[in-house]
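Residue numbers (the UniProt record's numbering), protein chains in the order written: chain A, 1 to 266; chain B, 1 to 309.
Please note that a few of the clues may not be correct.
[What the hints assert, rightly or not] Going by beta-carbon spacing under 10 Å, a handful of chain A positions derived as facing chain B:
1) 15
2) 30
3) 44
4) 51
5) 54
6) 84
7) 116
[Stated by the list, open to error] With a Cα cut of at most 20 Å, we get these calculated SDA-like pairs of lysine to any residue:
8) A:8 <-> B:212
9) A:39 <-> B:147
10) A:37 <-> B:207
11) A:8 <-> B:223
12) A:39 <-> A:231
13) A:8 <-> B:219
14) B:225 <-> B:212
15) B:66 <-> B:85
None of these hints come from the bench; they were simulated from the model. Computed from a prediction, not measured in an experiment: that's the story for all the values here. Ideal Cβ positions, reconstructed from N, Cα and C, are used throughout, including at glycine.
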Amino acid sequence: MPFVNWLKRNLVVLAGLLTLGYLLLPNIIVTVFSFNKPKGRFNYEWQQFSLDAWKDPCGVSDLCGSLSVSLQIAFWATLGATLLGTLIAFALVRYRFRARGAVNSLIFLPMAMPEVVMAASLLTLFLNMGAQLGFWTILIAHIMFCLSFVVTAVKARVMSMDPKLEEAARDLYAGPFQTFFRVTLPIAAPGIAAGAMLAFALSFDDFIITNFNAGSTVTFPMFVWGSAQRGTPVQINVIGTAMFVVAVLFVLASMAVGNRRNRQKA
Amino acid sequence: MSTLTEAPPPLAPQAPDPRPPKRRGRWTPYWLLLPGILWLIVFFALPMIYQASTSVQTGSLEEGYKVTWHFAAYWDALSAYWPQFVRSVLYAGTATILCLLLGYPLAYLIAFRAGRWRNLIMILVIAPFFTSFLIRTLAWKTILADGGPVVGALNTLHVLDVTNWLGWTAGDRVLATPLAVVCGLTYNFLPFMILPLYTSLERIDGRLHEAAGDLYARPWTTFRKVTFPLSMPGVVSGTLLTFIPAAGDYVNADLLGSTDTRMVGNVIQTQFLRVLDYPTAAALSFILMAAILLMVTLYIRRSGTEDLV
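Just chain B, with the same shape it has in the complex:
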């Protein structure tokens, strides 16, 4: 059985060898790359370096900032805002797990069970994207409104008692609590989980399911030993595509949360756009970037998938 998980058979049709001998000029690829790569260097890589230098500057808005290798900015930022960092990881992590639990059945449904409804369901998954996500997030204010049907139902089913005990909600309210923020994050990034899951599920050969059934595997065993391992690339890229933007998000925490649910994105936004404390903001966003890159690298290495792009 273990061979199945270790070496999945090559199911995707093999692409023809992409590199035939070339007769064209050897400089052609560089000319093709030049404009786009230059754009990314100037407006993506260079800003990162600028930001790194800003984070070690001291000074004030009036007198201007100078690079003084003031590394204490990092320590100050961390010690002042560690609750927001912890919250970001916690909320984004919970939302990612919820996305996986909610998204997997839908991706499975589209890939194997939808039949002629497949295209319609696919459109319904993608189409909400075209209504601005801010408008859709605001709609959650209506859905989770105090005394509304959703909150009423949760109250009657005593779900709120449990979440109150866990500290996710407070009293009879869902809005302005961590639960509302996680709910919004899950909702906003769910399609980013479903699409990669669907892509990797769709590649699975249906005959493998039949084979598993012929070998007396129960449906659940088939899922555990065949389907799920083969969908691992989708799980990995789905969780990354959900976790990364969720960890940096500040829209959900701002619209659906309260001052007690502020995430690190909120802090960066306020420091940058309202307080105008650029060094602290730069240090914070540098820490966020480093933390996420580290987590992503570890995660990719652990899950052993390389083909993310």
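Looking at chain A on its own, in the form it has when it is part of the complex:
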């Protein structure tokens, strides 16, 4: 029975592809429904093909405003978290110091904490301090929860780095700054880039912590959340689809660059 044997050998492949389908199905729906022309306020049922939303992605009030708020917050949060996280990662890998255990758990705990707990406790702090909720409180919160992920990503890269390279640089009379900027940083760069990309994605897509600490500021996820109650405009799907496509293209491009670099080295 060749078919049964084939099935036996490829069962795991089939199961894996089914899971992949489960993961991608909502994205397919989001894309298809970006070409929909819904009858009521909600875009859950297919009516007819239309390009209206694609021609006018900012046609819904506040949508593009919220998008720009989200992009700004994600940009600054990525910058802040990457800077602070990279410093911590270098300290953890390259130095001995007291309280290493405490530092490690302070970095691990935010990742092991349900978002709603962090969100609620941060709001308690802001309320106690009498802080004005808005752009800055969101930014503070985002840097806080992105930090640990950056540390983890950069740490992994720096740990696999051969310290002999830096010793060699020093032996060749490179000063500490030269060693850092011409040897250490270029080698650590992929880890830092991975951490930064992760931070950007996490910040841009964050809803729970933002929802607690945003006050009247509306980020893109909060706009989507609100629209789930009031009526979902098709433009949401347009933006979701566009983001998906941009992300895939970005990853493909960065992989192409990486491949070319590897080939040049070889």
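Given chain A, work out where chain B should sit, using these hints.
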């Protein structure tokens, strides 16, 4: 055979000893740590303490709250909202198991069978992240719509009869039932299971599979005795990365569920943002945090893995 599970051979390339003698200043590490750690202390640790104190306060929004060591808030919160707690653990637990069952084959496929498709599949796993998860969760409303093809198929295959009997669905509907919420949770946290699984599977030396085959192990035996034990670190961190956020989630329960599927996250959110009953909300989130930390500690100790970060 037992030696294989007890002492896996060191397969990952050994990192060079990371600590060469240092000539630089002894204060350097503290300066490097200072800004980030200060940030975490002020905006992560301190809020936890504030929250702990809020949870034992009494008063009202108009008159202000005072610390009165009112520990009864914890008891009140637990007795009023224990169904939501149970539901959170139940839904998150089911979603975690489903994630493991669904995610393992895909991680295995990427690690061992994908060949030149590996990068493409990897991108397809990660790329959905970039479409806001709220939009993707809303798409499940369309997929599971009443009278839609999915619900129709489940009905024809009599799956709904079984789930109705189990209490996971009600009548001909999937939306607004526990099944829809678990389905959404599974979907949302699946990548968090797949990525750590893939990382630990990818480290396994392919020659071990050949060796197992040479020693007349059937594929299933090879998996059970070699592959799965070696992928344990991935299983542990994957289940934690799935269970923890799922237990605190309120988005899926809100968008795909009904008032009968409210989880503890929903309660915390409502108490904090709508009812403005801060002590109860703080007590609830403190209980959730303590419960999860306890479970995580027990789980890590049982599974004997330390290198999670």
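Now the hints, each set against the structure:
Here the hint on residue 15 of chain A is kept, as its CB sits about 4 Å from the closest CB of chain B, short of 10 Å. With a least beta-carbon distance of about 5 Å to chain B, the hint placing residue 30 of chain A at the interface is held under the 10 Å criterion. Given hint, residue 44 of chain A at the interface with chain B, holds; its Cβ is 5 Å from that chain's nearest Cβ, closer than 10 Å. At a threshold of 10 Å, the smallest CB-CB gap from residue 51 of chain A to chain B is about 19 Å, leaving the interface hint violated.
The interface hint given for residue 54 of chain A is broken, as the beta carbon of that residue sits about 16 Å from the closest beta carbon of chain B, more than 10 Å. At a threshold of 10 Å, the smallest CB-CB gap from residue 84 of chain A to chain B is about 4 Å, leaving the interface hint in force. At about 4 Å, the closest approach between the beta carbon of residue 116 of chain A and any beta carbon in chain B falls short of 10 Å, and the interface hint on this residue holds. Distance check on the hinted pair: residue 8 of chain A and residue 212 of chain B sit about 18 Å apart at the alpha-carbon level, within 20 Å; holds.
For the given pair, residue 39 of chain A sits about 18 Å from residue 147 of chain B by alpha-carbon distance, which is consistent with the 20 Å threshold. Between residue 37 of chain A and residue 207 of chain B the CA atoms are separated by roughly 55 Å; this puts the pair beyond 20 Å, and the hint is violated. For the given pair, residue 8 of chain A sits about 14 Å from residue 223 of chain B by alpha-carbon distance, which is consistent with the 20 Å threshold. Simply put, residue 39 of chain A and residue 231 of chain A have alpha-carbon atoms about 11 Å apart, close enough for the 20 Å limit, and the pair holds.
A hinted pair counts as satisfied when its Cα atoms are at most 20 Å apart, and residue 8 of chain A with residue 219 of chain B qualifies at roughly 10 Å. With a CA separation close to 9 Å, the supplied pair residue 225 of chain B and residue 212 of chain B stays within the 20 Å bound. Taken as a hint, the residue 66 of chain B and residue 85 of chain B pair is broken in the structure, with Cα atoms around 27 Å apart against an allowance of 20 Å.
Hint check: violations occur at hints 4, 5, 10, 15; the rest are consistent with the structure.
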